[in-house]
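Following the hints, put chain B in place on chain A, whose structure we already have.
There are 2 protein chains.
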Amino acid sequence: MNAAVSAALAGDFLAVFPAEAARVIETMPEEAIAAQLARLPPARLVPVMNAMTPMIGAAVLQCLPEPARLQVLQQAERSRAAAFLAQAEEEAREALLQLLPAGTAAQLRRMLDYPEATAGRLMDTVVFSLPAEANVGRALALLREGGNRRVRLIKLLDAENRLAGVVDLRELALHHADTPLSHLMVPVPAVASPMDPQEEVVEKLETQDLDELTVLDPEGRILGVVRHHRLLEALKDEASLDIQTMVGAGREERATSSSWLALRKRMPWLQINLLTAFLAASVVGIFEDTIATYTALAVLLPVVAGQSGNAGAQALAVTMRGLALREIGIAHWFAVMRKEVNTGFWNGLAIALTCGIGVYLWSDSVGLVLVIALSMVISMVMAGIAGALVPIVLARLGQDPAVASSIILTTVTDIAGFFSFLGIATLLGSMLG
Amino acid sequence: MNAAVSAALAGDFLAVFPAEAARVIETMPEEAIAAQLARLPPARLVPVMNAMTPMIGAAVLQCLPEPARLQVLQQAERSRAAAFLAQAEEEAREALLQLLPAGTAAQLRRMLDYPEATAGRLMDTVVFSLPAEANVGRALALLREGGNRRVRLIKLLDAENRLAGVVDLRELALHHADTPLSHLMVPVPAVASPMDPQEEVVEKLETQDLDELTVLDPEGRILGVVRHHRLLEALKDEASLDIQTMVGAGREERATSSSWLALRKRMPWLQINLLTAFLAASVVGIFEDTIATYTALAVLLPVVAGQSGNAGAQALAVTMRGLALREIGIAHWFAVMRKEVNTGFWNGLAIALTCGIGVYLWSDSVGLVLVIALSMVISMVMAGIAGALVPIVLARLGQDPAVASSIILTTVTDIAGFFSFLGIATLLGSMLG
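Just so you know, the protein sequences line up as chains A and B, in that order. Position one of the first sequence corresponds to residue 1 (full-length UniProt numbering), numbered consecutively onward. Position one of the second sequence corresponds to residue 1 (full-length UniProt numbering), numbered consecutively onward.
Okay, chain A solo, but in the shape it has when bound:
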């Protein structure tokens, strides 16, 4: 065990910074983590497990002795406990649920029924709520007893137990004990239903600056609350998704998904990519005679396509991110395109220069240098235009600007690269000698 790990496991550090401790000890093998954690009292074990990432936490949980395991499942946030159970094998999960108190087990089962990445799976089912008739004094008394430090908004219920509104905790500080909570109540800024996809949860988080999101059943009764840090996790999850969708790996796939899911989600896009690859190949086919005469062209073909592909990917990435962060909008298409044309032209010139030197040293042919230099500039400008416009056009068409954007871009840059390189070579054929 290294120094950082032993420091992280030292009692005091663990008590004050459970999340940091979790980050550090996650680097150890699961059995070793479990062996260390099993020694802790529940009050220290539970916060660390709460902060553990689901996959590692689930594995550690399996290695813990049974009493500790049950303590974690009962005392950790419900959403975290459900995430741990979701990672376990069907049989192991059932065995654990049997051992838990009936109420806890029922709540966990209900959560596990909701699909992954929905509000129902992210919510915590332990909620602080009061009847709307209660007064400030009553709320303070209950808060003192419960010692629930997570409460920020007190939920008020009407006579039918439906959510009527919320009272901010700070209002309790500013008003007399006799004040009815209903006087301090404000409408709930946003609620979710348990089947709402994570996407919508994040959308609400962003537009409303929320700390928590109450999840209601169709009758308006509280099922749970998605809290601050689960909202943050969901936000991070969503924000990093473009990297997958741009290359045609589905939204649903995770690094921990089965090969079977990966296969099903990726295959359709690979088949579409094959179609576009044939399209690009047919461009090469047009110039088969030229290639037959100068096989050096076949050798250099991937260089031109590779450079314009990379340059286009850079333009695509920057533009897509700008759209995702709303730094630019569809309306800015011309400014973005102008920037990318400029960048493509000057980068193209610089690359044409280095590439030209390389090709001259290899082939000793000024004609070949001229062909690759010219086509490099042309195809890198085309790549810049495509990189800027593909996501903007997708957004304009009401599509996710990321979906398959990389596949569309590669088609454009391949065709532009092949056509310019082989086309110019055919035109300047006499110089290639």
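It is worth saying that the hints were derived from the structure and are not from the lab. Mixed in with the good hints there might be a few duds.
Label pairs and their calculated CB-CB ranges [claimed, not checked]:
id, chain 1, residue 1, chain 2, residue 2, range
1, B, 288, A, 330, 46 to 52 Å
2, A, 99, B, 209, 28 to 34 Å
3, A, 260, B, 365, 32 to 38 Å
4, B, 396, A, 264, 26 to 32 Å
5, B, 186, A, 264, 48 to 54 Å
6, A, 113, B, 335, 14 to 20 Å
7, A, 292, B, 364, 14 to 20 Å
8, A, 98, B, 75, 56 to 62 Å
9, A, 187, B, 145, 23 to 29 Å
All values derive from a computational prediction rather than experimental measurement. A virtual CB, placed ideally from N, CA and C, is assigned to each residue, including glycine.
Relative to the frame of chain A, chain B by itself:
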């Protein structure tokens, strides 16, 4: 103006949901937004401008009449006002700063001195702080007067005006007016210095579940506070960064950056990519004789490389995201690789089948079908391995698993594709006829 926009601008909606209103009206041209917003009273105008994205907000600000412009700069959050000013031309910025009250202008100037994407640029300089000797009653009285709804943690200062600790607002509710705040004070969980990069700010947000982060000068005096929603923006910004760094566009570049910055940041990677492209080309060069005999190989070469490139990019994207979200760690390298080998093999078989049919229809050559089918499976398995291992190895070496990962991957998939396709073709040369 369409229905959504007029609804968004209707007084009531704007008052309750300034952030949503900002999202909707951002789709209009800047002059039109300004014309609409100029009619609003400051109490409605400022929250909408606060929620506007910096680039669009800055443009709108330029179009507003001067009194409204000054109101926004004075009353909006300092960090937002600074972001607007940062987008303006040097001269226009100075002119505006001259018109502002000296104190506000000095604060804004100081913020603009910090580099972009640092804590100093993200912070709000308006902070609610009290001497540690004050009691609960005094704090409540000041809160009632100020009506500052953003306060969550009261900062307590020592005799030298240094940050001594914080008191959670809920504690005010739970204690008597005579209680000295110093009794309720807890240590500050995390602070930042104004030059801290956004990366570190996000790191603290994630590990500590923070609502706000206090920014201190070297003497421990409060400079400002980075609040909840700026932290969220920073988190989103960081989480979406991999898409740029993987293709060698720098961390610093934005869709709104100049071509000159784009050129400088992207060029080095394009030159490195050129080097790797020459490496791949040299593989093709080995087989120049084979290509001279069968030019159909040159036509199909991009198909094999393109498919394995796309398959590898899918594996890379899913693995990189898993690492970024901490769903997997370096320790899971074998499980991830096994998944990708599996997926690559079965996807390879399926693509080999469709591709084989296509090639047979085009060339009528069973030999060519055999060559492309075999090399497709081999190169897609290789692509899967590379896609899984590149980010994991980068992380193991202590590097950012995203940086240039796509460039490294493409080199591997190109070489694997070219080598397997042309190598098998050379071995089975007699069958190609």
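Hint-by-hint comparison with the structure:
A C-beta distance of roughly 47 Å is found between residue 288 of chain B and residue 330 of chain A, which places it inside the suggested range of 46 to 52 Å. At about 30 Å, the beta-carbon gap between residue 99 of chain A and residue 209 of chain B stays in the expected band of 28 to 34 Å. Range check, residue 260 of chain A to residue 365 of chain B: about 34 Å between beta-carbon atoms, so the 32 to 38 Å window is met. For residue 396 of chain B and residue 264 of chain A, the hinted distance range of 26 to 32 Å is satisfied, since their beta carbons lie about 30 Å from each other.
Distance hint for residue 186 of chain B and residue 264 of chain A: a CB-CB separation of about 50 Å, consistent with the stated range 48 to 54 Å. Look at residue 113 of chain A against residue 335 of chain B: about 27 Å separates their beta carbons, and that is not inside 14 to 20 Å. Distance hint for residue 292 of chain A and residue 364 of chain B: a CB-CB separation of about 18 Å, consistent with the stated range 14 to 20 Å. At roughly 59 Å, the beta-carbon separation of residue 98 of chain A and residue 75 of chain B lies within the given 56 to 62 Å, and the hint holds.
Range check, residue 187 of chain A to residue 145 of chain B: Cβ separation about 26 Å, and the 23 to 29 Å hint holds.
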